[in-house]
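Trainee: Each chain is listed here by its residues.
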Amino acid sequence: MKLEIRDLRAQIDDTPILKGIDLTMESGQLHALMGPNGSGKSTLSNVIFGHPSYEVTGGEILVDGENILELETHERARLGLFMAFQYPVEIPGVTVGRFLKRAAEIRFGEEDFKASAFIKELRSWLDFMDMDQNFINRYLNEGFSGGEKKRMEVLQMLMLKPSFAVMDETDSGLDIDALRIVANGLNELRGPDFGGMVITHYQRILDYIKPDFVHIMYKGTIVTSGGRELVEALEERGYDWIRKQHGIEEEENEKEIVHEH
Amino acid sequence: MSTSQKEHLYEGTGALNGYIHEQTDADWITSLRKDAFSRFSGEQWPTTELEEWRRTDISSYDFDSYAIKPTEASSDSVELPDDASAIIRFVNGVCTGSALSEKARDAGLVVVSLREAAAGRHGDELAAVVRTVAEPIMRENLANADNKLQLWNFATITHGVFVYLPKNTRLDDPIYIETHVDDDEAVLAPYHVVAADSLVDAMIVQTITGAEEGEVLVNEGIGVSIGEASHVRFMAVQNLNLDSTYFCFGNGSIQKDGDLQHYLCNFGCMLSKSRFDCTLDGPGSLVRLNGLYFPFEDQQMDMRTVQHHRAPRAESRTYYKGAVRDEAHAIYQGLIEVAPNATKTDAYLTNKNLVMNDGARSDSIPTLQINTDDVRCSHGSSTGKLDPMQLHYLHSRGYTPIEAEETLLMGFFEDIIDKAPERLQNELRALVSRRVYEAHDNDD
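Each protein sequence line maps, in turn, to chains D and W.
Just add 3 to the spot in the first sequence (first one is 1) and you have my numbering.
Just add 31 to the spot in the second sequence (first one is 1) and you have my numbering.
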């Protein structure tokens, strides 16, 4: 799968957030998208998935040449796109097992779906993610800890084997053990048929997943792209370095946020 | 075989007195009809000035012109389903057959047409039992009747079942009471009596269904009596077509340590008004009143429950839950009433609504009337909307908008479905699911 984002512009409540994004990503590649809070990283992932709060004001997103901005969210998912949410919602009354069974039927086709194989696979991925088997019968994300919700997103990704996945801060709020498990999950999927974009503020997950490409986002545009060495430079010199190098002025209200990381 | 029952005929309120005299009923039923009729004549049809009827305007109905027509139904032999203790079927007000399992028969279970059995058509012995058991229940409920529709029901009783569970009757499988109406413009007034002696354990499933089209009116009365330490579950599934009207006035009385669960599953009718009024007469008794409703289009459903505590240490729980779509309007009124002697009452009522779109409406009116200290009584109600973020999440996993909506509704209803007897839960899920798809078909 080839995902091409061309001059993408989007806003929320009349405030422009994305100001012309260009990115090309393909199966077999793992991209990291970094940048300070408020730079538009989550907006980009939400726009890729047709989140109802965002309005696209220009540009296009092509999946193998087809502009998916014309498609509804479920149609985009059915192309093989997957999003691991930053804040996965709770769905009371709907068990993980039931929810995922339907999602798997959609992904792999009802004709080829076998319930017994599905359960067997779900059980083994739960083990792999170091999650209790009773998660199958729990209501989706209800009463889950922050870390459990993130693992549940990765578990779904393992089950649904997307062609391309966007992971929106899947690493945030995780302790080091959980981080390693989440990274293992992602590494498990890597291969010629899987592509992904990992959105993060932190360098530490990148120690475990080793992205092929790194992009730095700032104020709604991608200011620089490179390989893994960019992460190291960023770690050493911080976002200030990027800002200065690209002549971006720091706004007063942004200072605090930028310095947090 | 086809039977034309001329005795059912009456045209309008003017002919009602004559109708009562023409019926070939047991004397005590005729006398009950006459008493109902004498009060009926002096009453007005309920208006929106009455609190209970404030949100349900029935002034457009000209009940006085309604006719109970001769009905036709073939008396087939009714086959007992595999999982049933008994079944009785009424079609257009005529009892078309009944069947009992061997085990139920041995236990002494009685499931018969109330009027036929009272009139001695199943022998004098049973007629005497019907009178001893049913008359006091019906008399008391008539005495407490507080509106003209209810009096009309007693005066016009067209049919109904008499279920009697003798002491120690324990049945694993349900008793099915099926009411089917497919006669256009049928006006029916069923009255059902369910009486459990002591130490009974049983489940009753009552379904009311009809043809897909055709305006019918069902004005129903139900009298339930639960003896000492008996446990009865009563499921009622109303799924008449959207041209129809349904009124239901149910009364339950529960003796010492008795346990009644009433579960209303409300899907049909353009307009329905139902009330289930429970009296906890015995110390330590338990009542659970559950409701699941899902009106759409321009349906109006008005439901009322009463938890009437008249004895100490009794417990009652009401949980009604519904979704409202399109232009539909749901009204739930719940009352907990605690008598001065009902100390250590533990009562709770909850009503939750999901309003699916602008234009749909739900009113929730819980009321407490507590006339003693030393009780635990409270209520809670909530009204919510479908969460666009939950929908988006499901869409992102490939669920179509309709699948996502259905999934969230299933999730919403899951805890109320969970309170239904296990063997009926899948049927309830199917009803909810069907309603979602029906609603979407209309949207397209």
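Don't read these hints as lab results, they were simulated from the structure.
For each residue, glycine too, the CB sits at the ideal point set by N, CA and C.
Mixed in with the good hints there might be a few duds.
Said to hold, decoys possible - Cβ-to-Cβ under 7 Å is the rule here; a few derived chain W residues that face chain D:
#1 Pro419
#2 Ser427
#3 Tyr430
What the hints assert, rightly or not - From chain D, some residues computed to sit far from chain W (all C-beta separations above 12 Å):
#4 Asp25
#5 Val59
#6 Phe85
#7 Met86
#8 Glu108
#9 Glu114
#10 Ser127
#11 Asp135
#12 Leu192
#13 Gly229
#14 Gly250
Trainee: Work down the list of hints and note, for each, if the structure agrees.
Mentor: Do the hints match the structure? See the list:
Look at proline 419 of chain W: its Cβ gets to within about 6 Å of chain D, closer than 7 Å, so that hint holds up. Interface hint at serine 427 of chain W: satisfied, since its Cβ lies 5 Å from the closest Cβ of chain D, which is below the 7 Å cut-off. The criterion of a C-beta within 7 Å of any C-beta in chain D is met by tyrosine 430 of chain W, whose closest approach is roughly 6 Å, and the hint holds. Against the 12 Å criterion, aspartate 25 of chain D stays outside the reach of chain W, whose nearest CB is about 24 Å from its own CB.
Against chain W, the non-interface label of valine 59 of chain D holds: every CB pair exceeds 12 Å, the least being about 15 Å. Phenylalanine 85 of chain D, annotated as away from the interface, has a beta carbon of chain W within 12 Å; the closest lies near 8 Å. At the 12 Å boundary, the C-beta of methionine 86 of chain D falls inside the reach of chain W, the nearest C-beta of that chain being 5 Å off. With a closest Cβ-Cβ approach of about 9 Å to chain W, glutamate 108 of chain D is found to fall inside the 12 Å limit, against its non-interface label.
For glutamate 114 of chain D, the condition that its CB be more than 12 Å from all CB atoms of chain W holds, with the nearest at approximately 16 Å. Every beta carbon of chain W lies more than 12 Å from that of serine 127 of chain D, the smallest distance being close to 20 Å; the non-interface claim holds. Look at aspartate 135 of chain D: its CB is around 21 Å from the nearest CB on chain W, clear of 12 Å, so calling it non-interface holds up. Distance check on leucine 192 of chain D: its Cβ is at least 16 Å (rounded) from any Cβ of chain W, clearing the 12 Å threshold; non-interface status holds.
Listed as a non-interface residue, glycine 229 of chain D keeps its Cβ farther than 12 Å from every Cβ of chain W; the least gap is roughly 30 Å. With a cut of 12 Å on Cβ distances, glycine 250 of chain D stays outside the contact zone with chain W, its closest approach being about 37 Å.
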